[in-house]
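Asker: Chains as they are written, first to last, in this note's numbering: chain A, 1 to 212; chain B, 213 to 351.
Rather than coming from a laboratory, the hints here were simulated on the basis of the structure. Any given hint might turn out to be false.
Anything over 10 Å on all C-beta distances counts as not near chain A; from chain B, calculated [as the list claims (entries may be wrong)]:
id, residue
1, M216
2, L292
3, T294
4, R295
5, E325
Here are the simulated SDA-like pairs of lysine to any residue, each with C-alpha atoms no more than 20 Å apart in a straight line [to be verified]:
id, chain 1, residue 1, chain 2, residue 2
6, A, K179, B, R223
7, B, K221, A, K179
8, B, K300, A, L197
9, A, K113, B, R276
10, A, K179, B, H222
11, B, K224, A, R200
12, A, K201, B, R223
13, A, K100, B, T350
14, A, K201, B, H222
15, A, K113, A, S150
16, A, K179, B, K300
Glycine included, each C-beta is placed from N, C-alpha and C at the ideal position.
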Amino acid sequence: MAEEVTVEIRTDQGKRRIRRLRKAGKTPAVLYGHGQASVSLAVPTEQLEAVIRHGSRVVKLRGALQEQAIIRELQWDIYGLEILHVDFVRVYEHEMVEIKVPLELRGEAPGVKEGGVLEQLVHEVRIQCDVNVIPEKVYVSVHGLGLNGSVSLAAVELPPKAKLLDDPETVVVQCIAPKEMEEEEAIPAAASGEPELIGRKPEQEEEKEEEE
Amino acid sequence: MAMMPKRVKHRKSQRGRIRGNATRGNRVVFGDYGLQAMQGGWISAQVIEAGRIAAQQYLRTEGRLYVRVFPHKPITSIPLETRMGKGKGEPEYWAAVVKPGTILYEISGVSEEAARLCFARLAHKMPVKVRFVRRRPTI
Numbered sequence: 001m002a003e004e005v006t007v008e009i010r011t012d013q014g015k016r017r018i019r020r021l022r023k024a025g026k027t028p029a030v031l032y033g034h035g036q037a038s039v040s041l042a043v044p045t046e047q048l049e050a051v052i053r054h055g056s057r058v059v060k061l062r063g064a065l066q067e068q069a070i071i072r073e074l075q076w077d078i079y080g081l082e083i084l085h086v087d088f089v090r091v092y093e094h095e096m097v098e099i100k101v102p103l104e105l106r107g108e109a110p111g112v113k114e115g116g117v118l119e120q121l122v123h124e125v126r127i128q129c130d131v132n133v134i135p136e137k138v139y140v141s142v143h144g145l146g147l148n149g150s151v152s153l154a155a156v157e158l159p160p161k162a163k164l165l166d167d168p169e170t171v172v173v174q175c176i177a178p179k180e181m182e183e184e185e186a187i188p189a190a191a192s193g194e195p196e197l198i199g200r201k202p203e204q205e206e207e208k209e210e211e212e
Numbered sequence: 213m214a215m216m217p218k219r220v221k222h223r224k225s226q227r228g229r230i231r232g233n234a235t236r237g238n239r240v241v242f243g244d245y246g247l248q249a250m251q252g253g254w255i256s257a258q259v260i261e262a263g264r265i266a267a268q269q270y271l272r273t274e275g276r277l278y279v280r281v282f283p284h285k286p287i288t289s290i291p292l293e294t295r296m297g298k299g300k301g302e303p304e305y306w307a308a309v310v311k312p313g314t315i316l317y318e319i320s321g322v323s324e325e326a327a328r329l330c331f332a333r334l335a336h337k338m339p340v341k342v343r344f345v346r347r348r349p350t351i
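Can you build the whole structure from these sequences, using the hints too?
Answerer: So this is what it looks like as structure tokens:
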């Protein structure tokens, strides 16, 4: 479902003006695509954050422009607290787009009841689908996942007419036996003393050479 | 025993300065929740290990813990009551150089509440200010 975002045409450029814009509660944005000229925009930060929070990907731009777009990229600050900039790409009705969607697990794995731990290796998946049916999330069922078993991307439940772009043989989730504390501690214990020096021969060899 | 590199090019390193923020290793990648450093500093191998044990004891066999930092830097010190000079001290311990924004640990396979409680225990051991973070939304 497309959410509406009110946009303004932005003429301000440069970091000082953009900082002022952000202080005023707006986020800089850019709209491009379909071979048309790119347009610099300003979006109310509250509206943008709401769109991101709701997981919407398609937005209807209102105000200075009347277009439909998808969110292509977000730039975050170092701490991941604020959105610094957003890229919108123009899309038509029923256009096929390539997009990344979050991947979640569905159900309870029998392997967990046997004492295993679920390890999710893939958290997002690239798909191609109609812009009107972009799913918020895609799911993988782990109902049949036993201990030491795995599920691949081929098992992802996709919406109709959607196509998977990633390798279907990629392992998404595996159920592994939990590591014991002692077993984990034993790994770094092997490396004791000082580390080996790269390019330096061991002391015994050096002594032999000196004797010769 | 604490972590340390297996092979190094030089036994000792200069102190260096921690400038700027983390532009790499500043987002949750492997797990669902993370512990992010809000200050820069050196985190010794012993502290990293203490944090790992504290988290592991809380989690027991549930979930999975990821340690995102590694102590690559040898820290030297000179013995007490030593006169000035006579060169640089001997390596004492290993530390990870952490910039503000670095993700230190990640957890997956547990609820947010459990992850918060686990990181709260772990945060007490850290020599820098830290905060709880979630995975960023997929775009």
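Asker: All the hints need checking, so say for each whether the structure fits it.
Answerer: Structure-based check of all given hints:
Residue placement check: B:M216 does not keep its beta carbon more than 10 Å from all beta carbons of chain A (closest about 6 Å). Listed as a non-interface residue, B:L292 keeps its Cβ farther than 10 Å from every Cβ of chain A; the least gap is roughly 22 Å. At roughly 21 Å, the least C-beta separation between B:T294 and chain A is larger than 10 Å, which holds for a residue marked as non-interface. The Cβ of B:R295 lies farther than 10 Å from every Cβ of chain A, with a closest approach of about 25 Å, so its non-interface assignment holds.
Here B:E325 stays apart from chain A, with its beta-carbon at least about 18 Å from theirs, past the 10 Å limit. Distance check on the hinted pair: A:K179 and B:R223 sit about 33 Å apart at the alpha-carbon level, beyond 20 Å; violated. Note on B:K221 and A:K179: the hinted pairing is violated, with a Cα-Cα distance of about 32 Å set against a maximum of 20 Å. Distance check on the hinted pair: B:K300 and A:L197 sit about 18 Å apart at the alpha-carbon level, within 20 Å; holds.
A hinted pair counts as satisfied when its Cα atoms are at most 20 Å apart, and A:K113 with B:R276 qualifies at roughly 16 Å. Under the criterion of a C-alpha separation no larger than 20 Å, the hint pairing A:K179 with B:H222 is inconsistent with the structure, at around 34 Å. For the hint linking B:K224 to A:R200, the alpha-carbon distance of about 14 Å falls within 20 Å, and the restraint holds. A threshold of 20 Å between alpha carbons decides the hint, and for A:K201 with B:R223 the separation of about 14 Å falls inside it, so the pair holds.
Note on A:K100 and B:T350: the hinted pairing holds, with a Cα-Cα distance of about 7 Å set against a maximum of 20 Å. At most 20 Å may separate the alpha-carbon atoms for a hinted pair to count; A:K201 and B:H222 meet this at roughly 13 Å. Simply put, A:K113 and A:S150 have alpha-carbon atoms about 15 Å apart, close enough for the 20 Å limit, and the pair holds. Taken as a hint, the A:K179 and B:K300 pair is broken in the structure, with Cα atoms around 41 Å apart against an allowance of 20 Å.
Consistency note: the structure conflicts with the earlier hints numbered 1, 6, 7, 10 and 16.
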